[in-house]
Each structure stands twice: as C-alpha cells, then as structure tokens.
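Chemist: Below, each chain spelled out in residue letters.
Number of protein chains: 2
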Amino acid sequence: MTALRVGIAGLGTVGAAVAKIIVENGAALASRCGRALQLTAVSARDRAKDRGVSLGAAEWFADPVKLAQSAPIDVFVELMGGEGDPAKAAVEAAIARGVPVITANKALLAHHGVALAKAAEAKGLALNYEAAVAGGIPIVKALREGLGANRVERVYGILNGTCNYILTTMESSGRSFADVLAEAQRLGYAEADPTFDIGGMDTAHKLCLLAAVAFGNAPALDEIHVEGIERVSPMDIMFAREFGFRIKLLGLASRVNGGIEQRVHPAMVPLGTPLADVDGVFNAVVADCNLAGKSVYEGRGAGAGPTASAVMSDVLDVARGVRLPTFGAPAVHIGRPKVASMGAHVGACYLRFTVIDRPGVIAVLSRCLADQSISIESMLQRSRSPGEAVPVVMITHEASELSMVKALSAVVATGVVTEQPCMIRMERF
Amino acid sequence: MTALRVGIAGLGTVGAAVAKIIVENGAALASRCGRALQLTAVSARDRAKDRGVSLGAAEWFADPVKLAQSAPIDVFVELMGGEGDPAKAAVEAAIARGVPVITANKALLAHHGVALAKAAEAKGLALNYEAAVAGGIPIVKALREGLGANRVERVYGILNGTCNYILTTMESSGRSFADVLAEAQRLGYAEADPTFDIGGMDTAHKLCLLAAVAFGNAPALDEIHVEGIERVSPMDIMFAREFGFRIKLLGLASRVNGGIEQRVHPAMVPLGTPLADVDGVFNAVVADCNLAGKSVYEGRGAGAGPTASAVMSDVLDVARGVRLPTFGAPAVHIGRPKVASMGAHVGACYLRFTVIDRPGVIAVLSRCLADQSISIESMLQRSRSPGEAVPVVMITHEASELSMVKALSAVVATGVVTEQPCMIRMERF
Numbered sequence: 117m118t119a120l121r122v123g124i125a126g127l128g129t130v131g132a133a134v135a136k137i138i139v140e141n142g143a144a145l146a147s148r149c150g151r152a153l154q155l156t157a158v159s160a161r162d163r164a165k166d167r168g169v170s171l172g173a174a175e176w177f178a179d180p181v182k183l184a185q186s187a188p189i190d191v192f193v194e195l196m197g198g199e200g201d202p203a204k205a206a207v208e209a210a211i212a213r214g215v216p217v218i219t220a221n222k223a224l225l226a227h228h229g230v231a232l233a234k235a236a237e238a239k240g241l242a243l244n245y246e247a248a249v250a251g252g253i254p255i256v257k258a259l260r261e262g263l264g265a266n267r268v269e270r271v272y273g274i275l276n277g278t279c280n281y282i283l284t285t286m287e288s289s290g291r292s293f294a295d296v297l298a299e300a301q302r303l304g305y306a307e308a309d310p311t312f313d314i315g316g317m318d319t320a321h322k323l324c325l326l327a328a329v330a331f332g333n334a335p336a337l338d339e340i341h342v343e344g345i346e347r348v349s350p351m352d353i354m355f356a357r358e359f360g361f362r363i364k365l366l367g368l369a370s371r372v373n374g375g376i377e378q379r380v381h382p383a384m385v386p387l388g389t390p391l392a393d394v395d396g397v398f399n400a401v402v403a404d405c406n407l408a409g410k411s412v413y414e415g416r417g418a419g420a421g422p423t424a425s426a427v428m429s430d431v432l433d434v435a436r437g438v439r440l441p442t443f444g445a446p447a448v449h450i451g452r453p454k455v456a457s458m459g460a461h462v463g464a465c466y467l468r469f470t471v472i473d474r475p476g477v478i479a480v481l482s483r484c485l486a487d488q489s490i491s492i493e494s495m496l497q498r499s500r501s502p503g504e505a506v507p508v509v510m511i512t513h514e515a516s517e518l519s520m521v522k523a524l525s526a527v528v529a530t531g532v533v534t535e536q537p538c539m540i541r542m543e544r545f
Numbered sequence: 117m118t119a120l121r122v123g124i125a126g127l128g129t130v131g132a133a134v135a136k137i138i139v140e141n142g143a144a145l146a147s148r149c150g151r152a153l154q155l156t157a158v159s160a161r162d163r164a165k166d167r168g169v170s171l172g173a174a175e176w177f178a179d180p181v182k183l184a185q186s187a188p189i190d191v192f193v194e195l196m197g198g199e200g201d202p203a204k205a206a207v208e209a210a211i212a213r214g215v216p217v218i219t220a221n222k223a224l225l226a227h228h229g230v231a232l233a234k235a236a237e238a239k240g241l242a243l244n245y246e247a248a249v250a251g252g253i254p255i256v257k258a259l260r261e262g263l264g265a266n267r268v269e270r271v272y273g274i275l276n277g278t279c280n281y282i283l284t285t286m287e288s289s290g291r292s293f294a295d296v297l298a299e300a301q302r303l304g305y306a307e308a309d310p311t312f313d314i315g316g317m318d319t320a321h322k323l324c325l326l327a328a329v330a331f332g333n334a335p336a337l338d339e340i341h342v343e344g345i346e347r348v349s350p351m352d353i354m355f356a357r358e359f360g361f362r363i364k365l366l367g368l369a370s371r372v373n374g375g376i377e378q379r380v381h382p383a384m385v386p387l388g389t390p391l392a393d394v395d396g397v398f399n400a401v402v403a404d405c406n407l408a409g410k411s412v413y414e415g416r417g418a419g420a421g422p423t424a425s426a427v428m429s430d431v432l433d434v435a436r437g438v439r440l441p442t443f444g445a446p447a448v449h450i451g452r453p454k455v456a457s458m459g460a461h462v463g464a465c466y467l468r469f470t471v472i473d474r475p476g477v478i479a480v481l482s483r484c485l486a487d488q489s490i491s492i493e494s495m496l497q498r499s500r501s502p503g504e505a506v507p508v509v510m511i512t513h514e515a516s517e518l519s520m521v522k523a524l525s526a527v528v529a530t531g532v533v534t535e536q537p538c539m540i541r542m543e544r545f
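Protein chains in written order, with the working numbering: chain A, 117 to 545; chain B, 117 to 545.
Chain A with its partners taken away, still in its complex shape (with noise of 0.2 Å):
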C-alpha cells in the first residue's frame, strides 16, 4: 500500500514531536498499521525557527488553509489551536476537499465539534481529537471503543496539570495559591495568563469532550458549571486532610434525573481512591459503567511526548482505514442533552465559616443549616480565641445544592460570619 501522506499546521512543540515521530519513524511504522507515513507538507508561522526536526521533503505552506486545501495529503493534522479561524477555515477546507482531520484542538470541538463531525461524517471521513483530551491517556479510545458497549453512568476525572500542580503543591509546601501559582508561572507549568486554566474553563472543554462520546450527545460547554481554584486556601486544604480528604479541581458528567449534570469545581476526594493519589502534571480520568464497572485511567496530561503520541493514535487509526463517528454515535443523530440543573444536585458538601468566637455562633449557624433540612455529619472548630474571627468547619449530609446556597445566603444574613462562606463540594467514589 502506498505510504499515508501527512500535512501537519502548527509547528509548536507538540507539532514539531510529531513532524520528528514521522519523520524518522514513518517507515517502521508500517508495522503497526499497514503503510508507511510521510509528512508531505507543514506550516507554521515561522519558517526559519529551529525545531530540532528535519522537515525532510515536505512542502511549506505560509497558509495553513492553502495547506488543508491543496497540498498532497491523505490526513490533515491540526495543531495550531483555538476555537476559531485559521484552525477552523483549515479544517473546514480539508473535510470539503475529503481529506480526514486529526486535531488536539478542544476549543474548535467544543464550539463547533457537531457541525464539523456532520460535515466529516457526510463524507466518510474521520475527525478525531484523542490529544484534545488529557494528552496521552487514551481516553476517547476506552470510551469509544474499548467500553462501547456499555451504558456510560459518570465520567470524571482531573483534567488540567496545571491546577493538580498547584493544588499537590499547596498541599505539600503548605504555602497560598499566589505564591504557588507565581512559582508554576516561573517553572513554565502555568501560562503566563493562567485564567483559562485555573478558571476552570480548560477542564470545562475537555469535560463536554468526554460526556458527549460517554453519553452519544453534543458537547454543551455552555450548559457546564464552572468555578475554578483561585479561592481554595491552604487552610481548607489542611481542614480536608483533617477530615481524611485531599481537594482536587474535578470535571464530573453523569445521568441524573434523565438528564446529563456537568460541573468543574474544586472537590473533597477521599483519601485512598484513586483520584485522591493523582499528583503533580498528571490527569486521570474514571468511567462508571453498567458492564465494566468502574475503570480510571491516568497519565501524563500534557507535554510533547504525551500529547504526540495521542495524535499518533489518531494518524495510525487514519492510515489503518478505521473511521468512526467522531462522537461515538453518528452526528446526524445526536443533539444537545437534556440537562439537569445544578441546583437540583444533591451532594454532601464541607462549609468553613469565620466566625468572632462568642456564645451562640455555632447555634446560628446550625439554625441556618436546619432550615434548610441540611444536617451536619461532623464539625471541627481547632482554635479558640475568645472575641477574635476563627474558623468553624463542617461537613453535611447530602442536600441538594439549592438548599445549601439559600443556608449560606441566611449565615450571612445574620452577620454572624466575617467573611463569605467557603463550601467546596464532596465526591464519594
């Protein structure tokens, strides 16, 4: 068979590893997949940056469209990112043309992934994105295919290194999230404009990546609640240890109430489950199951090596001929989910409140908790310094979260606490 022909756009660092992979691997990899790979074409912005690659015979495209459009290949690798155009106008003009699309891009996919998969689908071709989702774990694989024929209940999992980083170190130096964030920034694990990451909002796209091939719908990014980890203290994080828990920014999708709950916050994971012992850069990513049960996956998240070698899985599945719907299910065939509301979750949940240490506090706050059927599993207030603002901390019992917020709006009616309320939701696996 003749040798598969790659264009590459975007020659950044995951894109330069995979030029290399093709490069100097092409040929052996016939092995795994049947022909030989041959990077045909590639475009960048800049053509005399040094990648530490030979490009070998490929042509350069100043336009990444012009590459999509014209340039002799038999797949298009998208590595260039964001959510709108060159990387959307170039997909677009490779799927018209019929060449299949490989892409680490989660924003594309999240805005525009069914209009893409429609198009891609309409012409038998492949578009696929295992790099757009926690880097080398192949996680849309497992979920695709290796769990296939099971009914997906929950997926879940830490999604973004950088905040895992921040959050494994607070808890081991002991030290806030500025200072440990300032230090992520200067070791190059948090971008110098961290909001996309520690906002939430990244963990967000690949959360609507992995519900739509879990549940066969289209990504609902706009449907997904969404606080990120700039508020967790180094206080609450010690409260969690205390209460034999660590707190990790989650993703979590599951079926409740026949429709798909969707939520990225920081979260209590117990100590000793898997998640609870996911540190540093890396991601892990759990299914449950009807079938299997339960699975968890974990990896590197990010990084060239990981990330290459999730488009690699793609290209070997593009060269073998294998062509699946982008989603798991054909995208003619799959709308937005029916979503369940966020204030109807239900879920335990750790409260820590700043109270002036004097007579009756506890009893308001326990008032306030009660009116709204809220019970409290335990209660922990470590120091006492009569007259001065100290933390009270508690862990409830189940309640939906409605109620939880009409309680704390009520705790601060009262005047009784100094500051906001801290709640951060907990997750029992």
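FYI, nobody ran anything at the bench for these hints, they're computed from the structure. Zero decoy hints are in this set.
Per label pair, the in silico range of CB-to-CB distance:
#1 A:Arg498 <-> B:Arg357: 28 to 36 Å
#2 A:Glu269 <-> B:Ala231: 36 to 44 Å
#3 B:Gly240 <-> A:Gly214: 21 to 29 Å
#4 B:Asp201 <-> A:Gly197: 54 to 62 Å
#5 A:Val448 <-> B:Trp176: 33 to 41 Å
#6 B:Gly451 <-> A:Gly214: 36 to 44 Å
#7 A:Glu269 <-> B:Arg357: 32 to 40 Å
#8 A:Arg498 <-> B:Leu518: 53 to 61 Å
#9 B:Gly240 <-> A:Asp162: 42 to 50 Å
Here are the computed lysine-lysine pairs in the DSS-like style, where the Cα-Cα straight-line distance is at most 25 Å:
#10 A:Lys165 <-> A:Lys182
#11 A:Lys136 <-> B:Lys410
#12 A:Lys410 <-> B:Lys136
#13 A:Lys410 <-> B:Lys410
#14 A:Lys239 <-> A:Lys182
#15 B:Lys182 <-> B:Lys234
#16 A:Lys182 <-> A:Lys234
#17 B:Lys165 <-> B:Lys182
#18 A:Lys165 <-> A:Lys136
Part of the chain B face toward chain A, derived, beta carbon under 8 Å:
#19 Ile137
#20 Ser147
#21 Ile253
#22 Lys257
#23 Leu407
#24 Gly409
#25 Gly421
#26 Pro422
#27 Met428
#28 Leu432
#29 Val438
#30 Leu440
#31 Gly444
#32 His449
Built from N, CA and C at the ideal position, the CB exists for glycine as well.
Got chain A; can you put chain B on it based on the hints?
Modeler: The following block gives chain B in isolation, referenced to the frame of chain A:
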C-alpha cells in the same frame, strides 16, 4: 448494512452475559458500530440450563466445532476456555472458513497465538482477545492502538484478582494465607483447585499476551520466571508495611540488555504508588513508554459484566470492519523474543532470615551478603529473645539475582538459620 450475525460457543456466566447484551441491545448498538448485532448460533454443554436470557432465534449446536464450521455467522465468539480442543479446533474451523474470531481464552493464545494469528491474518480476518487480559480494562486496545506509536519499555501490573484479594485480606485481617484462601474459596473468589491462580500461572498467561502486543513478539509463556503467593506470610506483609511497602503479585515484562525479561512473583510495591492501592478483585496495568511516559489502567479483572464488556468491544470492532494484526505487528513478522535471563536480573530485595538470637549471627549474615557484593540499605530486628528463633529482616541495595541466590545458599550453608530464608523482590516505579 445487514446485521452482524454472531455465534457464541460457551454459555457460562460470560457467554450468557454476551448473549444477553446482543439479544437485548443488538439493535441499539448499531448507533455505535454502524450495523445491528444479531445472535444467530450458540453452543454449550447443557441445553436445558436456565441462563437468565432468551436465546431468541439462535440456532443451537451441540458441537461447537460444527457451529464454527457451518452456522450462519459473521463472527465466532469462543468462550469455552482451555488451550486444547474443542476451543482450538473450533477457532481453527472458523478461520478456515473465513469467519473472524473473538476469544477470551488466554491459554489458547499463550500456547497457539502466533499460529492462529498467522492463519487469521493470511485470510484477512480479525482474531481479537481483549477479554483474555485484565477483564473490563481495555488494555489490549490501549497498547495496540492508543499507544501504538510508542516504544513500550516496560509493561507490568496486577493481573489476578484472586491473588490480589487474598493479599489484600491477609493485610487487613492479619490472617494466614491458608485461612484467607479457604475463605476466598467459600466466597467464590477462588477456585476449588486454586493452583493456577495462586501459583502465578494465570498471571503468566496474561503477561505473555501483554508483552507480545507491547513489544511486538510472539507470546513466550515458557520463558517467564513464575513464583506464586503461597509462601507470603503475615509477618512479611507486616514488615513490608513498616518499610513503606505492600506485597502484590505482579507480572512484569521489560526491555533489558537487548532482550525481554518476563517475571511473575510477589513484589514489594511502594505505598503511595498506584499499584499499591489496587485492592481486592481489581486489576491494574502500567505501561512505561517513550512518548506517553507512564500510564496506568485500573478496573475489574473478572466477572460476567467486565469480561462481557471486553468481548463486546471486540464484537463492535468486527462490526465496524476494523481488522488489526492480533499482536500489533503482522504475525508473519514476529518471532520469539530474545530472552533476558532471570539470573542477570538486577534489583533490590527484602530478605527475612529466621535465626537463633546469639552473638555473631548478624556478622555471619552480613559476611555472606558482602561476599557477593550485596550491600544492605536497612535492617530490622524487632523482638530479641536470647536463644530463641527470631526474624532478621533486611532491605538490600540493587544486586543481580545470581548474587542474591548465591548469598542465600551461603547463609543456609553456615547453619545460622533455622528455616529457608525468605526473599521478596522490591519494585520501584
């Protein structure tokens, strides 16, 4: 597209679960794989048995080989087990006739995998076996496809739920191996004849298949160094804990010194690493790769649901027309691995000596180790009862297996020990 006609030979708990899924969800699964699934033929020993599933219009065959030879099927699912006939004859008959095969039969593939793969590949047929290794964890797919562009350096894990349940329970209860095994048999977690599981052969069968697909060579069952868990004592489990380790039965395959080293034995695993926390009947596999780095896969290793999930994953691939070489690379190209001898294996060890506590004993032990250039990292001698037998426990630095064996023989020859020394290899990940 017409429905995929499925024939199943073997209707134990797994076969019945697969049949039920196809009969009840065969039409719905068309959205996952492009065509409906239909159960058209079955074979089992006892026709009268109630399996909790209506076999619908499926034709009954008393002889599984006849089913494979003549039933109206597009795929043959072999769930009888056993390395010989009728499983082997039935699989050969299906391939000879041009029908792809799915099997959960690790013994069949460990012994005859390459011959069967060659026959299947010569006819352009799939021979899939996701269910043969680690039940509900889609690890064959992960290694063959998801990590397909990687060079795998090492693949290892906990592959036998019976052993893991016994070791987990021994640790939590402090009870003896014999006692916990008897309980596991009562509970149905261990077979009436548990030799195959506790002796490590079940793990070895799975390991040789994992190694084959990871390294692209023929399964080499007879080259695996195999030790079981029969001699693991509560005392060793307790000492392991004190040193910060937990004892697990591992299967490990690695590239070392230009060859492949494969071994199955109880090992000390550091607390806080993923494998140490895999409890009860769960399985877990770790792959160390050049691109993706380390990735970990954990899930249920046995049971009707998880195993049926894996079988169905293979069925969906056949329905989609996906056809990969059985062991990742074409069977005509793969040979037996160059074997790295166990004597050359280098690692640290936990050693426990039972000695009569009298002056000079430690000096004798240390001398025997030093003579083989084995140095001691830490030592523990808990209870001192002069004149009585007491345990002396050591963790060594890295040394070759051959040196370790010589040192232990020398210790025995001195006459200072009252029973055979216990040696458990340490694994650091």
